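S.K.: Take a look at the letters that make up each chain.
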Amino acid sequence: MRHRINIRRYPGFLPVTILCLVVLYAPLLVVMVYSFNDSLSITRWGGFSFRWYMDIFTGPESAKFKDAAWNSLTIALSAAVASTIIATAAAVAMVRGGAFRGKALNLALISMPIMVPEIVTAVATLVFFSAIGFTLGYLSILVAHIVFCIPFAYLPIAARLQGIDGSYEEAAQDLYASRFQAFLRVLMPLMAPGILAGFLLAFIISLDDFIITNFIKGAGIETLPTAIFGAVKQGIKPNIMALSTLMLSVSIIIVTLSYFISRYGRPGTKAEA
Amino acid sequence: MAEGNIAIDVRNAVKRFGAVTALAGASLTIRDNEFFTLLGPSGCGKTTLLRLIAGFEEITEGEILLYGEDIGALPPNRRPINTVFQHYALFPHMTVAENVAFGMRRLRWSKADIEDQTGRILDLVKLGDLAARRPAQLSGGQQQRVALARAMAPGPKVLLLDEPLSALDLKLRQAMRIELKQIQKETGITFVFVTHDQEEALTMSDRIAVMSAGEIRQVGTPREIYEAPVDRFVADFIGETNVLDVTVHRGPEGVWTCRLPGGAAFPCQTGRPPQDGAAAHVLIRPERLSLVSEAACENGMTGVIDQAVYLGTDIQYGVRLDGGPALLVRAQNAGESAEPFRPGDRVGLAIAPGAARLLID
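Each protein sequence line maps, in turn, to chains A and B.
Heads up, the first sequence is in the numbering used here, so the first residue is 1 and it goes up one at a time.
Heads up, the second sequence is in the numbering used here, so the first residue is 1001 and it goes up one at a time.
Among these hints, one or two may not hold up.
Here are the simulated SDA-like pairs of lysine to any residue, each with C-alpha atoms no more than 20 Å apart in a straight line [unchecked claim]:
| no. | chain 1 | residue 1 | chain 2 | residue 2 |
| --- | --- | --- | --- | --- |
| 1 | B | Lys1111 | A | Arg185 |
| 2 | A | Lys103 | A | Gln162 |
| 3 | B | Lys1157 | A | Glu170 |
| 4 | B | Lys1126 | B | Gly1188 |
| 5 | B | Lys1181 | B | Arg1223 |
What the simulated footprint calls covered on chain A by chain B, stretch by stretch (three residues with Cβ under 8 Å from a Cβ of chain B suffice, anywhere in the stretch; the number is not a length) [said to hold, decoys possible]:
| no. | region |
| --- | --- |
| 6 | 95 to 103 |
| 7 | 225 to 238 |
I should point out that these hints are in silico values taken from the structure, not numbers from a laboratory.
Source: prediction; values computed, not measured.
Beta carbons: idealized from backbone N, C-alpha and C, even for Gly.
Can you make the complete structure from the sequences, with help from the hints?
M.R.: Here's what the structure looks like:
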């Protein structure tokens, strides 16, 4: 066994840890707690209640939130499906395609949306859409979301594929499967956990996106993040905290799911060496 | 099909990976119903040759014929050849039966035929009761049998086996050797078996091709390869051996005599007649030498026992000849009382008739 350094012995470990945790999670905790506050004030505690959750669904802003939530969900779902298909194809080409010209450039292009500051992508997309005369609205949001979701779907899919021994496809082809049959019947099922993880990640990235969506959504259409932003501009009401808490819960559930799915079935995917 | 039909004909096959030549012009013919082994150290090109036959690699030059038909341009799924992979490559998301049925399904066999054949082939490899298991629930030996069953099920004309026993422990490996050979005889399928294990090759094969550095050095039956190796590489690779520097001299009646630097002389066999008085190497297997008392020695090969190693069934002696090289001698273990020789003893060596073979490089 290698000797492990006990990081807890380092001077200042405890205060630094506590500081990081507080800065990261205290605001979230405050929002979550005050979403159950039975008071109009966002700073004074007036007892426990679900009234702001009721308000989201039945209050004066409920129609607006419902539309925005519907848009967010349908866009996230479609963008996740489309980007996962593209990312799967890209991963197969990149991981199984051998060496081809411009491979490094390809990888750079695929992962670009992760590196480039989002505001730059947002401005560029807006300029591009106006230049080609693409009407801003539901469809423009969807197209933009598909594009920036690809790298997030690609990473877990490619990672999974790299762990799958090439002999499975050879065995399938040796047993009279065409290349497509080998992909469909052998490689796809083995890749499935990675594909599902990529899909969930893409879904959550699309659901959460604010900056790009805000730039290119055009007038008269909102997603949940832009609707929340719009509502907050007129002053923070406790119902926003309730809405944020709901979104946070959805995100946590999906990210956790994605984590466990991508871990599932790891052993046995490689041929025993 | 008639005896002696040629199943696979490899003609001057060359495979290059970029600047690296993995196979440098290999030619061989594999007969119908034959258990044929490609034997050689790692990196000798044996696996590359197998992958060329399977269709996983494209041949750079030369051609490969299957029953007279050039298959060089066919993808693996169009060749009636199946492979048992080194690490089996069983599909982990399918049961044993689904794995075995995979090839037949792709060939669009009828459902009833697939069921029949799956049952028959699983019985053949003694896995009939494990059909519903997943590969992960099987032991290494069982996985090996599934891989064999899956490859044999569609009735290939040739079965390729890429070191299929290398992942098993010794006992299992020895049992599987006998079983594989039996299955090959029963089914009559031509087997092309790749291994680096010379013992495996000798015990199972009808014929062996010994390969080195991308070339085929010798093709022959196990006995030919072991007893009449064509060169020093084959002699060294197959079994333990003594190689001695000698000069050859023509004797009466076409008998050739080897002379050691120390003066000892003995008759030797040779395939090709050498030049009289030429320097050469002579090969003597340790088990064809025996220890005799110094006085009873007729050929002048006398020396001192360096060491004696107890090997269970045999005892191996190291003998340093007077004024000459050291040799290994292998004697059967006949019990403690029948063991007259000890390290430090002076002894003579006797060579079994025909055991000394001249190597011409």
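S.K.: Hint by hint, say whether it matches the structure.
M.R.: Structure-based check of each hint:
{"no.": "1", "hint": "B:Lys1111 to A:Arg185", "verdict": "18 Å, holds"}
{"no.": "2", "hint": "A:Lys103 to A:Gln162", "verdict": "16 Å, holds"}
{"no.": "3", "hint": "B:Lys1157 to A:Glu170", "verdict": "18 Å, holds"}
{"no.": "4", "hint": "B:Lys1126 to B:Gly1188", "verdict": "18 Å, holds"}
{"no.": "5", "hint": "B:Lys1181 to B:Arg1223", "verdict": "17 Å, holds"}
{"no.": "6", "hint": "95 to 103", "verdict": "violated (count 0)"}
{"no.": "7", "hint": "225 to 238", "verdict": "violated (count 0)"}
Violated hints, in rising order: 6 and 7; the structure is consistent with all others.
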